[in-house]
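Chains Z and D are the protein sequences, given in the same order. According to our numbering, the stretch in the first sequence is residues 729 to 1065, in order. According to our numbering, the stretch in the second sequence is residues 729 to 1065, in order.
It is worth saying that the hints were derived from the structure and are not from the lab. Note that the structure is predicted; figures quoted are calculated from it, not measured. Ideal placement from N, C-alpha and C gives every residue a C-beta, glycine not left out. One or more hints might be untrue.
[Unchecked claim] Straight-line alpha carbon distances no greater than 25 angstroms define the calculated PhoX-like cross-link-like pairs of lysine-lysine that follow:
{"hint": "1", "chain 1": "D", "residue 1": "K879", "chain 2": "Z", "residue 2": "K880"}
{"hint": "2", "chain 1": "D", "residue 1": "K880", "chain 2": "Z", "residue 2": "K879"}
{"hint": "3", "chain 1": "Z", "residue 1": "K879", "chain 2": "D", "residue 2": "K879"}
{"hint": "4", "chain 1": "D", "residue 1": "K880", "chain 2": "Z", "residue 2": "K880"}
[Unchecked claim] Computed spacing ranges between beta-carbons, pair by pair:
{"hint": "5", "chain 1": "D", "residue 1": "G968", "chain 2": "Z", "residue 2": "P1059", "range": "51 to 61 angstroms"}
{"hint": "6", "chain 1": "D", "residue 1": "R774", "chain 2": "Z", "residue 2": "G1052", "range": "52 to 62 angstroms"}
{"hint": "7", "chain 1": "D", "residue 1": "P915", "chain 2": "Z", "residue 2": "P756", "range": "33 to 43 angstroms"}
{"hint": "8", "chain 1": "D", "residue 1": "R774", "chain 2": "Z", "residue 2": "E992", "range": "50 to 60 angstroms"}
{"hint": "9", "chain 1": "Z", "residue 1": "E741", "chain 2": "D", "residue 2": "D1043", "range": "46 to 56 angstroms"}
{"hint": "10", "chain 1": "Z", "residue 1": "D977", "chain 2": "D", "residue 2": "R831", "range": "36 to 46 angstroms"}
{"hint": "11", "chain 1": "D", "residue 1": "V1053", "chain 2": "Z", "residue 2": "S738", "range": "39 to 49 angstroms"}
{"hint": "12", "chain 1": "D", "residue 1": "R851", "chain 2": "Z", "residue 2": "D977", "range": "22 to 32 angstroms"}
{"hint": "13", "chain 1": "Z", "residue 1": "P754", "chain 2": "D", "residue 2": "V1053", "range": "40 to 50 angstroms"}
{"hint": "14", "chain 1": "Z", "residue 1": "A735", "chain 2": "D", "residue 2": "R851", "range": "51 to 61 angstroms"}
{"hint": "15", "chain 1": "Z", "residue 1": "S738", "chain 2": "D", "residue 2": "R831", "range": "56 to 66 angstroms"}
{"hint": "16", "chain 1": "Z", "residue 1": "P925", "chain 2": "D", "residue 2": "G788", "range": "21 to 31 angstroms"}
{"hint": "17", "chain 1": "D", "residue 1": "R831", "chain 2": "Z", "residue 2": "R851", "range": "52 to 62 angstroms"}
Number of protein chains: 2
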Amino acid sequence: MSVSPVASLSEGELIGRIRERLAAVPPPDWLQVGIGDDAAVVETERNRLEVLTVDAIVEGVHFDRAFTPPSAIGHRAVAVNLSDLAAMGATPRLALLSLVLPRTFPLADFDEIIGSMSALAARFRMTIVGGNLTQTDGPLVLDVTVVGTVKKRRALTRGGARPGDDVYVTGVIGAAAAGLQMLQAEPNCAAVESVDPCVRQYLYPEPRVRFGTILSRNRGATACMDLSDGLADAVHQIAGASQVGATIDGAALPIAASARRWFEERGQNAVDASVTGGDDYELLFTARPRLRGRLAAAQQHGHAPMTRIGSCTADRAVLLRDGGVERPMPPGYSHFR
Amino acid sequence: MSVSPVASLSEGELIGRIRERLAAVPPPDWLQVGIGDDAAVVETERNRLEVLTVDAIVEGVHFDRAFTPPSAIGHRAVAVNLSDLAAMGATPRLALLSLVLPRTFPLADFDEIIGSMSALAARFRMTIVGGNLTQTDGPLVLDVTVVGTVKKRRALTRGGARPGDDVYVTGVIGAAAAGLQMLQAEPNCAAVESVDPCVRQYLYPEPRVRFGTILSRNRGATACMDLSDGLADAVHQIAGASQVGATIDGAALPIAASARRWFEERGQNAVDASVTGGDDYELLFTARPRLRGRLAAAQQHGHAPMTRIGSCTADRAVLLRDGGVERPMPPGYSHFR
């Protein structure tokens, strides 16, 4: 059976397929002009600030098509952007998709990518209002722009941490890095019934949108960012932007159980592998110790556990306490290199 | 002398270079969080609708690095998006840049691209509020998202033309297609002092932002779009969205003089080459004949000439009158194939 490539359809026909897949969700009242004109036209939300971000995921850099199914590629492209909104405490509102498609890219995979993008967007009540399609002889690039909203004075930035603040992280860490190693070792391991939770977490990261909006609403956090480039990077970034130091307790880190096992069986230091691994889309945030009560709501309704892993210091050093000794926190993961 | 590639710097260092180049323009009051956090935070504009669009330009598809200088690549990436805002009658406000850079891409070319993007944005008072950098082994991709604003009920769409409306186009057409052919024939022709105006127009298209906003403000137009995929495509699109037909008079088309000469000397039909050529970022719009007076303002203050080239019909056919006979309008240019 031959595989139809996207190049067998015109741009208009592909846009038609996208519109069909998006039609399942009725358009919101505030959308005045959607897909199909030179640009989208929307009403803004009263008394809210807008939060905007863009992120591209690129074949060979952020994912390997050899072991990443199309549904995971589409999911990731939207999830990484939702994660940035979550880190600001924003509620997702709309998205624009810019897709650069290899000419030979299978049409069935295109449909699966669009389906997973639209499903994740719908789950977070985010409307896809427009976009752009291009063909290329190079790798697949999915570029997603998202816009969310947040109440005035409630945006969570990287710059508000103070000495003495506690440092927290949501969920577990190390899972994505271990999951990626598992897929690299055995590309078909996602297809088995007893798939390791790390593999699932690598392929389908869950953005912590609800947790972020609760932190923003009850002013529980002083600074926040997501772990797209790993926990070590996030601690460095928040410390730098807030002009504080931080000491993280390696023994307190919520390292995923099967990730720890995977790393240790291969002679890797589980703490280092987990703090420097990328793609855990958890939130790192800081909070005043005397306002711990406010975090209870996030803990209870945020759809994710949270763990206190250290504290901020007046001294600007960023340290990792591991096996009884403090050493400099390693640098973060970089997708860029 | 060796050339430094972008890969010799970290993502943070490249972002630093971008921030330096943007620092020339003071940030507007409404920008609460700019480049350097998980997302940008902005105040919205009261009583205005937002207009959003994204467009990617891809090496090998939209430009050829062999004869397109970096400043023209950066200019184009921003101009095509400003042109989409112009087509909606919107005033530009902010932009997000997502750049996918080949690892070997020269740092000096990166600087030149950023410089030309920021210069064009500044000229239209558009603030670059954030973005994303990625490296790739594939071609250069510049993905730009822009947001503009327009008064309520004043957005220009493709769907408002009625039978009997006049059809207009701004500026001249065919110039970009001829300019591209000139560059393909003689890659260095942009470097000479007596560079053909078509080459300049291909390399540095001027988005018709001012013309579009005037049309929107005085309700002079019933439908509007830009010519990114050529005049023939724009007539088809407006006719389709408005459910009308149109007859365009080939003899009335404002074909650039040196483009006409270039096409005719090479045995090409100048009318066909000009209506099917892409990359003329002019506006095509329709207007009621009895409201012609309103167009005078656009004519006078819109920074571009305009030409009446035909009219809309109740019959759904889209025709080109050429050499005394009417024939179907050819299909548009497609960057997609």
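Right, here's what the structure says about each hint:
Restraint check for K879 of chain D and K880 of chain Z: the C-alpha separation of about 23 angstroms stays at or below 25 angstroms, so the hint holds. For a cut-off of 25 angstroms, the pair hint linking K880 of chain D to K879 of chain Z stands: about 23 angstroms separates their Cα positions. For the proposed pair K879 of chain Z and K879 of chain D, the alpha carbon gap of about 24 angstroms is at most 25 angstroms, so the pair holds. A C-alpha spacing of about 24 angstroms is found between K880 of chain D and K880 of chain Z, which places the hinted pair at or below 25 angstroms, so the restraint holds.
Range check, G968 of chain D to P1059 of chain Z: about 54 angstroms between beta-carbon atoms, so the 51 to 61 angstroms window is met. About 58 angstroms separates the C-beta atoms of R774 of chain D and G1052 of chain Z, a value consistent with the hinted range of 52 to 62 angstroms. Checked against the hint of 33 to 43 angstroms, the pair P915 of chain D and P756 of chain Z fails, with Cβ atoms roughly 49 angstroms apart. Our hint of 50 to 60 angstroms for R774 of chain D and E992 of chain Z holds, since their Cβ atoms are close to 58 angstroms apart.
Our hint of 46 to 56 angstroms for E741 of chain Z and D1043 of chain D is violated, since their Cβ atoms are close to 26 angstroms apart. In this structure, D977 of chain Z and R831 of chain D meet the distance hint of 36 to 46 angstroms, their C-beta atoms being roughly 37 angstroms apart. Taking the beta carbon of each, V1053 of chain D and S738 of chain Z are about 28 angstroms apart, not inside 39 to 49 angstroms as hinted. At about 52 angstroms, the beta-carbon gap between R851 of chain D and D977 of chain Z misses the expected band of 22 to 32 angstroms.
A hinted range of 40 to 50 angstroms for the beta carbons of P754 of chain Z and V1053 of chain D is consistent with their spacing of about 47 angstroms. Between A735 of chain Z and R851 of chain D, the C-beta spacing of about 37 angstroms breaks the proposed range 51 to 61 angstroms. Taken as a hint, the range 56 to 66 angstroms is violated for the pair S738 of chain Z and R831 of chain D, whose Cβ atoms sit roughly 33 angstroms apart. Distance hint for P925 of chain Z and G788 of chain D: a CB-CB separation of about 41 angstroms, inconsistent with the stated range 21 to 31 angstroms.
As the Cβ distance of R831 of chain D to R851 of chain Z is approximately 36 angstroms, the hint placing it in 52 to 62 angstroms is violated.
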